[in-house]
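Visitor: In the order they appear, the protein sequences are chains A and B. To convert a position in the first sequence, counted from 1, into our numbering, add 128. To convert a position in the second sequence, counted from 1, into our numbering, add 14.
Keep in mind the hints are simulated off the structure, nothing from the lab. Treat the hints with care, as some may be off.
[Stated by the list, open to error] Pairs of lysine-lysine residues, derived as DSBU-like cross-links and limited to a Cα-Cα distance of at most 35 angstroms, are as follows:
no.	chain 1	residue 1	chain 2	residue 2
1	B	Lys193	A	Lys209
2	B	Lys193	A	Lys352
3	B	Lys193	A	Lys176
4	A	Lys352	B	Lys298
5	A	Lys386	B	Lys203
6	A	Lys176	B	Lys291
7	B	Lys201	A	Lys386
8	B	Lys31	A	Lys386
9	B	Lys201	A	Lys352
10	B	Lys328	A	Lys352
11	B	Lys331	A	Lys352
12	B	Lys158	A	Lys236
13	B	Lys120	A	Lys209
14	A	Lys386	B	Lys120
15	B	Lys28	A	Lys386
16	A	Lys386	B	Lys158
17	B	Lys203	A	Lys176
18	B	Lys158	B	Lys201
19	B	Lys291	A	Lys352
[Said to hold, decoys possible] Cβ pair distances, simulated, as ranges:
no.	chain 1	residue 1	chain 2	residue 2	range
20	B	Gly135	A	Ala149	18 to 24 angstroms
21	A	Gly183	B	Val25	36 to 42 angstroms
22	B	Ala330	A	Ile367	18 to 24 angstroms
23	B	Ser98	A	Ala380	51 to 57 angstroms
24	B	Asp250	A	Thr363	40 to 46 angstroms
[What the hints assert, rightly or not] To give an idea of the chain B side of the interface with chain A (calculated C-beta under 7 angstroms), a few residues:
no.	residue
25	Ala91
26	Val94
27	Asp190
If you're wondering where the values come from, they're calculated on a predicted model, not measured in any experiment. The beta carbon of each residue, even a glycine, is placed where N, CA and C say it ideally should be.
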Amino acid sequence: MNIVVCVKYVPDAQAERTFNASDNTTDRENVDGLLSELDEYAVEEALKIVEAGEGEVTVLTVGPDAAADAIKKALQMGADKGVHVNDAAIHGSDAIATSLVLAEAIQKIGDVDLVLTGMASTDGTMGVVPAMLAERLGLPAVTFASELTVEGSTATIRRDGDASTQTITATLPALVSVTDQINEPRYPSFKGIMAAKKKPVEQWSLADLGVDAGQVGLDAAWTKVSSFDARPPRTQGEIVTDEGDGGSKLAAFLSERKFV
Amino acid sequence: MAEVLVLVDHVDGKVRKTTAELLTIARRLGEPSAVFVGAGFDAAKESLARFGAEKVYRVESPEVLEHLVVPQAELLAQLVASTSPAAVLVPASPEGKEIAARLAVKTESGLITDAVDVQAGDGGVATTQSVFAGSYTVTATVTKGTPIVAVKPNSATPEEAAGAAADEVVDFTPSDAAKGARITESKPKQATGRPELTEAAIVVSGGRGTGGDFSKVEDFADSLGAAVGASRAAVDAGWYPHTSQVGQTGKQVSPQLYVACGISGAIQHRAGMQTSKTIVAVNKDNEAPIFELVDFGVVGDLFNVLPQATEAIKAAKD
Ligand SMILES: Cc1cc2nc3c(=O)[nH]c(=O)nc-3n(C[C@H](O)[C@H](O)[C@H](O)COP(=O)(O)OP(=O)(O)OC[C@H]3O[C@@H](n4cnc5c(N)ncnc54)[C@H](O)[C@@H]3O)c2cc1C
Ligand SMILES: Cc1cc2nc3c(=O)[nH]c(=O)nc-3n(C[C@H](O)[C@H](O)[C@H](O)COP(=O)(O)OP(=O)(O)OC[C@H]3O[C@@H](n4cnc5c(N)ncnc54)[C@H](O)[C@@H]3O)c2cc1C
Chain A
129 MNIVVCVKYV PDAQAERTFN ASDNTTDREN VDGLLSELDE YAVEEALKIV EAGEGEVTVL
189 TVGPDAAADA IKKALQMGAD KGVHVNDAAI HGSDAIATSL VLAEAIQKIG DVDLVLTGMA
249 STDGTMGVVP AMLAERLGLP AVTFASELTV EGSTATIRRD GDASTQTITA TLPALVSVTD
309 QINEPRYPSF KGIMAAKKKP VEQWSLADLG VDAGQVGLDA AWTKVSSFDA RPPRTQGEIV
369 TDEGDGGSKL AAFLSERKFV
Chain B
15 MAEVLVLVDH VDGKVRKTTA ELLTIARRLG EPSAVFVGAG FDAAKESLAR FGAEKVYRVE
75 SPEVLEHLVV PQAELLAQLV ASTSPAAVLV PASPEGKEIA ARLAVKTESG LITDAVDVQA
135 GDGGVATTQS VFAGSYTVTA TVTKGTPIVA VKPNSATPEE AAGAAADEVV DFTPSDAAKG
195 ARITESKPKQ ATGRPELTEA AIVVSGGRGT GGDFSKVEDF ADSLGAAVGA SRAAVDAGWY
255 PHTSQVGQTG KQVSPQLYVA CGISGAIQHR AGMQTSKTIV AVNKDNEAPI FELVDFGVVG
315 DLFNVLPQAT EAIKAAKD
């Protein structure tokens, strides 16, 4: 079982996130980054599958130099090897271009049975790269899996929807995106941290993938951010302390605002 | 005038409110054409016409729905080729976004997700998104192909406008590749009788502070006709279903009124409710971060505050 897990390096959500005023792209230099928390679930799920049977877990990221940290974290958790696609031309890519680069990298890795991704990144939060990737690779995809079992060449997934809970099967090779309900990601152990230092990480450029630089980056993006504005912070309204009349005061506020 | 394709969100012909919103938005951009997949068209026709659909493209093949989203993406790609629409609008639900993602690759078009506003601009379709947990507002345009926009619920007030809703059955067969994934079982959720979380005008949520007893939160919600949500702490504890979770990895809601009860206001929770018009919190810790966002806050025990408020609201209604 060869599993590729796509992991994204993102600005820390706890930090002050912002944009570059020069080109309206996400500022990834002046803010601490990390492995997108939601991708840890995908790494964990891959490790569980391989531990229960056999196979190899490769983590793949597309991102700047600092994105090496995301790979490192996944290797410390237990993944076998990393692939880092890094090329200045990728800066400012939209979801479409990102999925193109990921797809070409997965083709180059070759012989992949299962591609795992997070449900959404914690910065762009679009949640569309997995489906785009599956479309490009010609794979069946099941997104938002809350449970995954792989038996032979079939992946079975449970998905909790609003109207129903579904069981879905897909024939491998397939792509599955996982939610934060699927497992509890492990923390790297001391042994894992030491072992990660010796694990191989490939560095690929666009040329290595045969992708033309004109197909990616800000100029090639099919969407364009025209402006960004910090939302004015919400101004705190009235705060009352309950002295036996808190509920009545709440009801009065709601009536005054015509919610009752 | 160019057509604007709107993917209809419905359950057996019962059209959801988001579709009325999308048809309203579509009229700003061109002539709305609804795309209806599945059974129940007769039931749906009236409401599609009422919100201005001039045409309805429909496919009734049950096969289309059995195989998740890929056939729907193929169908839309076929319609994009045959109608050259000004835009394609889909609901920003997980399914809607997945369809949109595949459609964008198939038609070589730019995709914008989670739009909270869509207008006709000088450079084509102009969208507004709320990003980084609601701390920034971004406007964007699609520069290639057919603009594909996944629109969040409550992004427009549905406005009625009579449309012909002339229906046209589309000759469509899903490809073999579309059949790689299949729904083998579907267990319907029990209906709560309360409004849908993402569509509701009022949402009342409970967190760890409920200690697992949601009854006071539910009673209060019912007095307001509200949907009930939950924080992840409450969901992880098994007190409320995951489909009710509000936040980054749950539902993103943007109601007229959001009431957080026994919820501290972590960044991941805020990501799902910060764009609500009015925010109210009940929390016994006066330093809980949720109070930074509120229009009105009560520092107190929810088990005292909510029942009193519920009684006062019921009394006011009688
Ligand atoms: C605030 C904001 C708004 C944006 N809006 C748009 C928009 O409307 N349209 C548009 O086309 N682009 C948009 N972008 C750009 C887009 O987010 C990035 O191009 C990104 O590479 C893909 O989208 P995502 O981060 O939302 O990924 P998602 O689709 O949310 O990612 C899901 C999963 O895909 C995998 N993945 C995603 N990116 C990578 C990567 N670089 N390396 C490895 N694995 C990855 C991960 O497993 C991840 O969990 C926006 C970016 C930001 C920061
Ligand atoms: C990757 C990731 C994704 C996440 N996604 C989400 C998400 O989608 N949604 C989400 O909600 N969280 C999410 N979280 C979790 C989030 O960080 C918080 O842990 C969570 O929101 C806390 O829930 P809470 O406010 O109910 O609990 P707590 O933070 O424990 O707060 C409980 C509050 O209740 C108050 N309280 C206690 N008793 C009473 C009483 N009797 N009356 C009144 N007030 C009382 C306390 O003062 C306290 O403020 C995510 C975290 C991660 C890492």
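Visitor: Would you mind marking each hint as holding or not holding in the structure?
Guide: Now the hints, each set against the structure:
1. The hinted pair formed by Lys193 (chain B) and Lys209 (chain A) meets the criterion: a straight-line CA distance of about 32 angstroms does not exceed 35 angstroms.
2. The straight-line distance between the Cα atoms of Lys193 (chain B) and Lys352 (chain A) is roughly 34 angstroms, inside the 35 angstroms bound, and the hint therefore holds.
3. At roughly 28 angstroms between alpha-carbon atoms, Lys193 (chain B) and Lys176 (chain A) fall within 35 angstroms of each other, so this suggested pair holds.
4. For the suggested pair Lys352 (chain A) and Lys298 (chain B), the alpha carbons sit about 45 angstroms apart, so the restraint of at most 35 angstroms is broken.
5. A distance of roughly 33 angstroms separates the Cα atoms of Lys386 (chain A) and Lys203 (chain B); the hinted pair therefore holds under the 35 angstroms criterion.
6. As the CA atoms of Lys176 (chain A) and Lys291 (chain B) are separated by approximately 43 angstroms, the hinted pair breaks the 35 angstroms bound.
7. Proposed proximity of Lys201 (chain B) and Lys386 (chain A) is contradicted: the alpha carbons are some 39 angstroms apart, above 35 angstroms.
8. Of the supplied pair hints, the one linking Lys31 (chain B) and Lys386 (chain A) holds, its CA atoms being roughly 22 angstroms apart against a limit of 35 angstroms.
9. In summary, the hint linking Lys201 (chain B) to Lys352 (chain A) is not supported, as the alpha carbons are separated by about 41 angstroms, beyond the 35 angstroms threshold.
10. With a C-alpha separation of about 50 angstroms, the suggested pair Lys328 (chain B) and Lys352 (chain A) falls outside the 35 angstroms cut-off, and the hint is violated.
11. At roughly 49 angstroms between alpha-carbon atoms, Lys331 (chain B) and Lys352 (chain A) are farther apart than 35 angstroms, so this suggested pair is violated.
12. For a cut-off of 35 angstroms, the pair hint linking Lys158 (chain B) to Lys236 (chain A) stands: about 28 angstroms separates their Cα positions.
13. The hinted pair formed by Lys120 (chain B) and Lys209 (chain A) meets the criterion: a straight-line CA distance of about 32 angstroms does not exceed 35 angstroms.
14. For the proposed pair Lys386 (chain A) and Lys120 (chain B), the alpha carbon gap of about 47 angstroms is over 35 angstroms, so the pair is violated.
15. Distance restraint check for Lys28 (chain B) and Lys386 (chain A): the Cα-Cα separation of roughly 30 angstroms lies within the 35 angstroms cut-off, and the hinted pair is therefore satisfied.
16. With a C-alpha separation of about 44 angstroms, the suggested pairing of Lys386 (chain A) with Lys158 (chain B) is violated against the 35 angstroms cut-off.
17. Taking the CA atoms of Lys203 (chain B) and Lys176 (chain A), the gap is near 30 angstroms; set against the 35 angstroms cutoff, the hint holds.
18. Annotation: proposed proximity of Lys158 (chain B) to Lys201 (chain B) is violated, straight-line Cα distance about 40 angstroms (limit 35 angstroms).
19. Distance check on the hinted pair: Lys291 (chain B) and Lys352 (chain A) sit about 28 angstroms apart at the alpha-carbon level, within 35 angstroms; holds.
20. At roughly 21 angstroms, the beta carbons of Gly135 (chain B) and Ala149 (chain A) sit within the given window of 18 to 24 angstroms.
21. About 40 angstroms separates the C-beta atoms of Gly183 (chain A) and Val25 (chain B), a value consistent with the hinted range of 36 to 42 angstroms.
22. Hint check: Ala330 (chain B) to Ile367 (chain A), Cβ distance near 23 angstroms, so the stated range 18 to 24 angstroms holds.
23. In this structure the supplied range 51 to 57 angstroms holds for Ser98 (chain B) paired with Ala380 (chain A), their Cβ-Cβ distance being about 55 angstroms.
24. Distance hint check: the CB atoms of Asp250 (chain B) and Thr363 (chain A) are about 32 angstroms apart, inconsistent with the given range 40 to 46 angstroms.
25. Interface hint at Ala91 (chain B): violated, since its Cβ lies 10 angstroms from the closest Cβ of chain A, which is beyond the 7 angstroms cut-off.
26. The interface hint given for Val94 (chain B) is broken, as the beta carbon of that residue sits about 14 angstroms from the closest beta carbon of chain A, more than 7 angstroms.
27. Interface hint at Asp190 (chain B): violated, since its Cβ lies 11 angstroms from the closest Cβ of chain A, which is beyond the 7 angstroms cut-off.
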